[in-house]
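Student: Using the sequences plus the hints, can you model the full thing?
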Amino acid sequence: LLTKLHAVLGNWGWSIVALVVLLKIAFYWLNAKAYASMAKMKAINPRIVEMRARLKDNPQQMQQEMMRVYREEKVNPMGGCFPIMVQIPVFIALYWVLLSSVEMRNAPWAMWIHDLSSPDPYYILPVVMTATTLLQTALNPAPPDPMQAKMMWFMPLIFSVMFFFFPAGLVLYWIT
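Using my numbering, read the sequence shown as starting at 16 and increasing by one per residue.
There could be a bad hint or two in this list.
[As the list claims (entries may be wrong)] Calculated lysine-lysine pairs in the DSBU-like style (CA-CA distance at most 35 Å, straight line): (1) Lys-71 x Lys-39; (2) Lys-71 x Lys-57; (3) Lys-165 x Lys-55.
[Claimed, not checked] Here are the simulated distance ranges between beta carbons: (4) Asp-160 x Trp-44: 42 to 52 Å; (5) Lys-39 x Pro-123: 20 to 30 Å; (6) Asn-91 x Glu-65: 13 to 23 Å; (7) Met-166 x Ile-103: 10 to 20 Å; (8) Glu-65 x Arg-120: 38 to 48 Å.
Please keep in mind that the hints were generated in silico from the structure rather than gathered at the bench. Everything numeric in this text was worked out from a predicted model, so none of it was measured. Built from N, CA and C at the ideal position, the CB exists for glycine as well.
Tutor: So, in structure tokens, the structure goes:
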């Protein structure tokens, strides 16, 4: 598909952006369900926080009560995770394409990106990716568990460290 997009667009970078747009269109329904699940989680978050404070000495009852609330409200706590699970195989496939494909070597995109198969020489794309991921984290509802909430803020920072060494085309995919 990426090769077909390149034949139409004539640029590998814009082909990656077009691939993301096509994937977003193809999986719109899945993303919509995930956002609806996150909105429901945000709506019941005050009840969960109150319940955690009230039942902090009885973890088993707290878990049972949380499951009861999730069932009553028809909320799947893992509902927001499904879209990322779909993206992982595409991400891995693109990673290997960028590393092993001869056509991607020295493939320019725009301005300072002269090779999509090597890391961004000025680290601009990874910094932009970190900022957008932190913005997404701020827009999502905070998990009721304080440890989980901290992890939600640390994960973008951990991923950004990894992305500083990934090919620029892969960082472009993730930003888009």
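Student: Please go over all the hints and tell whether each is borne out by the structure.
Tutor: So, going through the hints one by one against the coordinates:
no., hint, in the structure
1, Lys-71 x Lys-39, "violated (41 Å)"
2, Lys-71 x Lys-57, "holds (21 Å)"
3, Lys-165 x Lys-55, "holds (21 Å)"
4, Asp-160 x Trp-44: 42 to 52 Å, "violated (29 Å)"
5, Lys-39 x Pro-123: 20 to 30 Å, "holds (25 Å)"
6, Asn-91 x Glu-65: 13 to 23 Å, "holds (21 Å)"
7, Met-166 x Ile-103: 10 to 20 Å, "holds (18 Å)"
8, Glu-65 x Arg-120: 38 to 48 Å, "violated (57 Å)"
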